[in-house]
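Peer 1: So the protein lines, in turn, are chains A and B.
Quick note on the numbering used here: the first sequence kicks off at 2 and runs consecutively.
Quick note on the numbering used here: the second sequence kicks off at 2 and runs consecutively.
The hints are simulated quantities; they were obtained by calculation from the structure and are not laboratory data.
Among the clues, some could well be false.
One copy or two, either will do: identical chains are not told apart, so a pair holds if it fits within one copy or between any two.
To be verified - The list that follows gives simulated cross-link-like pairs (lysine-lysine, DSS-like), each with its CA atoms no further than 30 Å apart:
id, residue 1, residue 2
1, K143, K42
2, K604, K504
3, K435, K415
4, K158, K42
5, K584, K604
Protein chains: 2
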Amino acid sequence: MKIENEPKLISPIQDFLEHLHQQCAANDDGDVATYIPELAKADPSWFGICIVTANGAVYEVGDTRQDFTIQSISKPFVYGLALEDNGRAATLERVGVEPTGDAFNSISLDPGTGRPRNPMINAGAIATAGLIAGKTPASRFKRILETFSLYAGRPLKVDHTVYLSESETGHRNRAIGHMLRNFDKLTGDPAPTTEIYFQQCSISVNCRDLGIMAATLANHGVNPLTGKQALRGEYVESVLSVMGTCGMYDYAGEWLYHVGIPAKSGVSGGVLAVLPGQLGIGVFSPRLDAHGNSVRGIRVCQELSRHLDLHLFNRPVAGKSTIRLRFTGADFNSSHVRTPEESRTLRELAKAINVYQLQGHLAFATMEPVVRDILEQAEATTYLILDLKRVLSLNESAGHLLHSLVGKLHGLEKTVLFTHSDHLPLLRRMMKKKLAGKYAELFTTFPDNDLALEWCEERLLENTRYARAANFRAKPADYLLFNNFSRGELELIQPLLQPRSFKRGQNIISAGTDAQEVFFLARGSVSVFLPGEGGRRLATFSPGMSFGEMAFIDGARRSADIVADTEVECHLLTLEDFQKFGKTHPALKIKLLEQLCLDLTGKLRKANRELTVFE
Amino acid sequence: MKIENEPKLISPIQDFLEHLHQQCAANDDGDVATYIPELAKADPSWFGICIVTANGAVYEVGDTRQDFTIQSISKPFVYGLALEDNGRAATLERVGVEPTGDAFNSISLDPGTGRPRNPMINAGAIATAGLIAGKTPASRFKRILETFSLYAGRPLKVDHTVYLSESETGHRNRAIGHMLRNFDKLTGDPAPTTEIYFQQCSISVNCRDLGIMAATLANHGVNPLTGKQALRGEYVESVLSVMGTCGMYDYAGEWLYHVGIPAKSGVSGGVLAVLPGQLGIGVFSPRLDAHGNSVRGIRVCQELSRHLDLHLFNRPVAGKSTIRLRFTGADFNSSHVRTPEESRTLRELAKAINVYQLQGHLAFATMEPVVRDILEQAEATTYLILDLKRVLSLNESAGHLLHSLVGKLHGLEKTVLFTHSDHLPLLRRMMKKKLAGKYAELFTTFPDNDLALEWCEERLLENTRYARAANFRAKPADYLLFNNFSRGELELIQPLLQPRSFKRGQNIISAGTDAQEVFFLARGSVSVFLPGEGGRRLATFSPGMSFGEMAFIDGARRSADIVADTEVECHLLTLEDFQKFGKTHPALKIKLLEQLCLDLTGKLRKANRELTVFE
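Can you build the whole structure from these sequences, using the hints too?
Peer 2: Here is the structure:
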């Protein structure tokens, strides 16, 4: 973390971890494992804690870079690879998923089938190692090592001395291998598989690796630091399930009860815990309790669970915040500037446009209140705009609900429009697939709300008396700024209006230039854009309206680009002519300024009204 | 649900449930329990499904109003009451929490201690019933029945015939009672406790009740339909933990693996499943499999889990969406209207005001990215405004982080301000307690962002040359609208300016009245409020500024109330005088209108800029 280099700005999370480390370091209970000589060499005072969030922030304290062998913590990761290689059904035929309540080295084969009860006991782990694909034992183990390296985000190696020690003393595990072969839960010679198992236990990691490996499981199998996939997302829940019920040997029930985070421990003193979607925890301290779990490791996880409220079964109530904002087209218009009559009409009609800004993760529980709300509002809705800009993810369940909703509302002659949906390819796939044939066109998307709102407004105005022909041409008498000019007065100013025409796509005003004139639009349509490629549209004008008057008034440089949307005809009035005209016809200048004030006041009232939508 | 009455608007969720019901109804596997004669009378075709969200939406299909006895599904609810009566430690002394992998009627006492392995097997449930407080067996059972009624949201009753049948045939359970007494896991005569156990199993419920009871656990122990607390929130995770590891008899491991939702089944055919924070599921179908679980009940839960993506270990990544919006005081000002010089100064200085709008549930994983972002921005920040308006909940862990952050930033001479924090009493409690003594004043709160922004702006302006004395008095020459008037011109208009003074708190303009004048503020401060009690502040003006000009221009009625914040002196100019003046001094009217256009243009530019903050 960058902030480590700025002593004044140490994160309170770092402070908390250091305090916790200090507190738990005082506990000297338990003993280092001695069942193989190499493990007995560990320094009992080693102690590291590492937390890694599913977004990839790493917090670590103590001996987090001290190497040790992964031991039983290898089991869930190899189980994940076995699932990828064989699928769930074939894997379950070889190894069960029931907790035993027995110790780690129990043989625990089902009396009838000879199937090991679960993959976290040695028998199950050896059967799992037998499921890893590969032509030779060496290539099978190579795949395991590569997978572990993906989880850790760095190339891992085997501690060869520990491996030899494991292999030399592993008679009980060899017995298990033969027993599994006897029940056909291993194919061929069990010896190479037992050796693979000894090797996977001897992979050398450090406490930081454990934290990152845990965070990879928390992040749907994707290492949050490297962005690389270590396990297909669909199998993560299965790996976590066996950790949840069988991960802490015969302490699994109490663990879930008191800590409530799927975890796995190893005899070398490591504990790895995963809070799905949130964070991974790695702890390393070699002193073990009678169950074979790290004393400090358990203590740290208990404290973290309690202080950080991590218990998996204590989750806040979902769904209340999926709707970020809801407003109607009457509260907030598109940037298509309307005539006063159109505006008044839309303030009534556009209540039938309902905009929902959704946010967060769309899943069943978060979408249910949205669907309910939409159905409750459906009667008053003609157009439903679903803005997905702030939606972080969408699962199939939410996709099904949205699809059903579109069909249902279509049946009631209501139209659903999606905006900002490009980052959710699953939605498009599901909609296209499920709405195939005559409904294919029902998946209507717009890049942003503004265009969607405009589309709806156009349809609402289409059937009113304000609907104009596409090629409507405004005469100077129609120009809104001359609204209170008499025919005679119009004749006075008309000679100053210089006709101009522009081609579709042509720039009429460029940001940064000096403002020397105001434009009156006679035919076609122009739009105002923020400067720069892909700049946001600020406004669209139609015949009769004027544009460019803001810079004309305050003498500032043009702040936006104005572009012809179509073939455009307009008149311009230069600042110079206007000022001369004002001197000779002050009463008309006053009329014009009054009309301008009126126009600006209207725009300001609208902007202020729209600002309240966001409060 | 209201929508049930509007056939066209059936929720897609209801459609899905009906489809699922139809699909699973085709399965006739399994047999009705016969171990007591009364259960054998059940109609094997009964089949109901009910989903209740943690927000209280109910979806049901099939035989959801058919009564049946709750049987083993009573166990987790009685366990919750035992936890409330005895606390966790004393309860754990009597009953463990380890899964057994054994069948429901196994005795499974720990060889050494005689402690039943968990509260979901009969032995554990009887020991749990022994923990319920009360003077007499009748009053102990009455408390159980009342608690169950709170969960269901309606008064429940015992099915007396079933109870008699249970009691008549319950020899095995009586044997267990005596065995528990032998190990001192029950006190006194075991017989009354065994009878309580028979009664709790005989409580009559329907499938809808199961759904609501499950949703109550999903909603932290509060019935989402009645709002009444059935179980203290702190014990919910413990009840769900034993359901998670031991709830489905010897099928618990596979259940968590395949369905991934804590659940409990009963021999009468009920299944109750709880997705914490999200929803509760109740299913009823009396045909059982060899484990004693409802065949269709399991099938329905599997399908729901798969189609609605409910597996507890498959959660989206948290924390990315906690920051709803971040902006600086330069992007968005308080509604305190500034002079052009002040505005220019603030556009630079106010970059040091950093506003974070937070949203959703504040917990460790959701706050971690916020804390990190704040620390990364800390160098450029002098004032940090944390807007908690859209924060739905805050847990202790988030409270600790916020507290540490305030202290840390204070050490760097930075100020943290909280807005909209009244709905989070835990935050206030934690801040007051932890910041006791010299830091007590560090918990600075404002009712809204506008006031907090204004407070910061005032402090930033304090040290600039634009700082004015509190009693500064503007002369007509200082009035911004007369900005380009010469001294001689000022003398011409000055006679039309009528002095007025107002007391602090007095209404200067009332919404809804006709606009006949524009005001010029000479001394003091006035604020514009939306009409109505507690109306939002729209603007605050200081000496030299004018107000009331918008309605003055467009002739609309006053849209807001304007109130004197202090003793106020001002001038007013009536519409009538202004129009007369315009006729005689058109050049001055033009100057005034030009200045007004300039002022409106400035305000419109600001409003448009502020609108982009929310895009």
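Peer 1: All the hints need checking, so say for each whether the structure fits it.
Peer 2: Verification of the hints:
With identical chains, the CA atoms of K143 and K42 are at most 30 Å apart within one copy only, with a shortest distance of 27 Å there and 60 Å across copies. With identical chains, the CA atoms of K604 and K504 are at most 30 Å apart within one copy only, with a shortest distance of 28 Å there and 33 Å across copies. Within a single copy, K435 and K415 get their C-alpha atoms as close as 19 Å, which meets the 30 Å cut-off; across copies the closest is 55 Å, which misses it. For a Cα distance limit of 30 Å, the shortest separation of K158 from K42 inside one copy, 19 Å, qualifies, whereas the shortest one across copies, 64 Å, does not.
For the identical chains of this complex, K584 and K604 are neighbours both inside a copy (28 Å) and across copies (28 Å), given an alpha-carbon limit of 30 Å.
Of the numbered hints stated above, none is contradicted by the structure.
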